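Visitor: Sequence:
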Amino acid sequence: MSLRASFAHSTAAGPAARGRGACRAALPFSGSRRSPAVAAPADAQLFAQQQSQAQSRSVGCGAVISYVEVTAGNDLPEDLAVEVHPTEAAVGNRICEMVLSAAHAAVATKGAFFLAIPGGSVLKMCGGLVGKPMPWDKTFLFYVNHKCVPLGDKASTHQKALDLFLTRAGVPLANVAALTGSPDAPAEAREYEAKLRQLAVQRGMDLTEDVVPRFDLMLLGMGADGHVGSLYPGRQETALDGPGTPLVLPVDKKSPASITLSLPVMCAAKQVVVAMTGAGKAEAVRAALQTGSGGKTDSPARRVRPGLGGSCVWLMDAPAAGALEVATGARALLAADVAARAL
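The numbering of the sequence shown is the numbering used here, which starts it at -11 and goes up by one.
Treat each hint with caution, since some may be false.
What the hints assert, rightly or not - Dumping the calculated DSSO-like pairs for lysine-lysine here, alpha-carbon to alpha-carbon at most 27 Å:
#: 1; residue 1: LYS120; residue 2: LYS98
#: 2; residue 1: LYS242; residue 2: LYS112
#: 3; residue 1: LYS241; residue 2: LYS148
#: 4; residue 1: LYS183; residue 2: LYS241
#: 5; residue 1: LYS142; residue 2: LYS258
#: 6; residue 1: LYS242; residue 2: LYS258
#: 7; residue 1: LYS241; residue 2: LYS126
#: 8; residue 1: LYS126; residue 2: LYS258
#: 9; residue 1: LYS98; residue 2: LYS142
#: 10; residue 1: LYS98; residue 2: LYS126
#: 11; residue 1: LYS142; residue 2: LYS112
#: 12; residue 1: LYS120; residue 2: LYS258
#: 13; residue 1: LYS142; residue 2: LYS183
#: 14; residue 1: LYS183; residue 2: LYS242
#: 15; residue 1: LYS112; residue 2: LYS183
#: 16; residue 1: LYS241; residue 2: LYS98
#: 17; residue 1: LYS183; residue 2: LYS126
#: 18; residue 1: LYS120; residue 2: LYS242
#: 19; residue 1: LYS148; residue 2: LYS242
#: 20; residue 1: LYS120; residue 2: LYS241
#: 21; residue 1: LYS241; residue 2: LYS142
#: 22; residue 1: LYS258; residue 2: LYS148
#: 23; residue 1: LYS112; residue 2: LYS126
Calculated directly from the structure, the hints in this document are not laboratory data. The structure presented is a predicted model; accordingly, all values stated were derived computationally and were not measured.
Hey, can you work out the whole structure from these sequences and the hints?
Guide: Next up, the structure:
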């Protein structure tokens, strides 16, 4: 698989020459489909250090290396974009930025914004939306996955969302699709699907030809095994992706059981963001992104491929990107940018 890498710097202040996209270059990557190279720990450490230095020397912005899949003939979407940010905090800031942008665009176009959010670290990152100019009164929120526990339980994604940002941001709870709090996963899945279909009719969500509602933005977090939502490798829920697949599935992999949006719903979204941070995700990232059509991977995250003109962006911090094939030229470009800012 061959990848094109570009280093992009943007700033909210400073001379015009350092404006958005002012520093950009493209470099060729040549990766073996059979045995992709893995960056040595020292290389990954250098990569992270140089990105952090570039970030610290910028003004109101971040330094980002973007990897964009451009090779025809493999089984990855041609418009799959991967952004590598210096830190977990920078990834969180980027997610909030994308939520705000998508929300205002959707509201301006059709008067409503349909958002799906997961649990875990991405849910915590959504806390950065508090105090931001979000059109919450026109935002309709669903959970990508949720444990089948009482709503006030400490393991409840809804309760965590309330504590992290829903209450402080003043989000109308009538716009948030919560579960009933039952331990019966199949019943919860049926009820949650009914809520989604009802919202689609009442609020005019766009639909696919298979009558799958299209979220404006689908936020996903990827686990160390490549799972997204509650779609895990090797599970039957992950294999369900054809017409007639339920919108919401019960999952009994762990106790308590959970529900999850199905793969067709994830793929129907107009924009998908898959986020991952930390060195513990590095191998899952490499397996998903640098295993070509001749290789094998059962990564559920890799299977999220938006159709109908949708887009998919993977956001990660430098440690999560540590096993990707990072060319020396990309690191040299980062170092050159740091040196230029020191002048």
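Visitor: Going through the earlier hints one by one, which of them does the structure break, listed in rising order?
Guide: Failing hints, ascending: 5, 6, 7, 9, 16, 18, 20.
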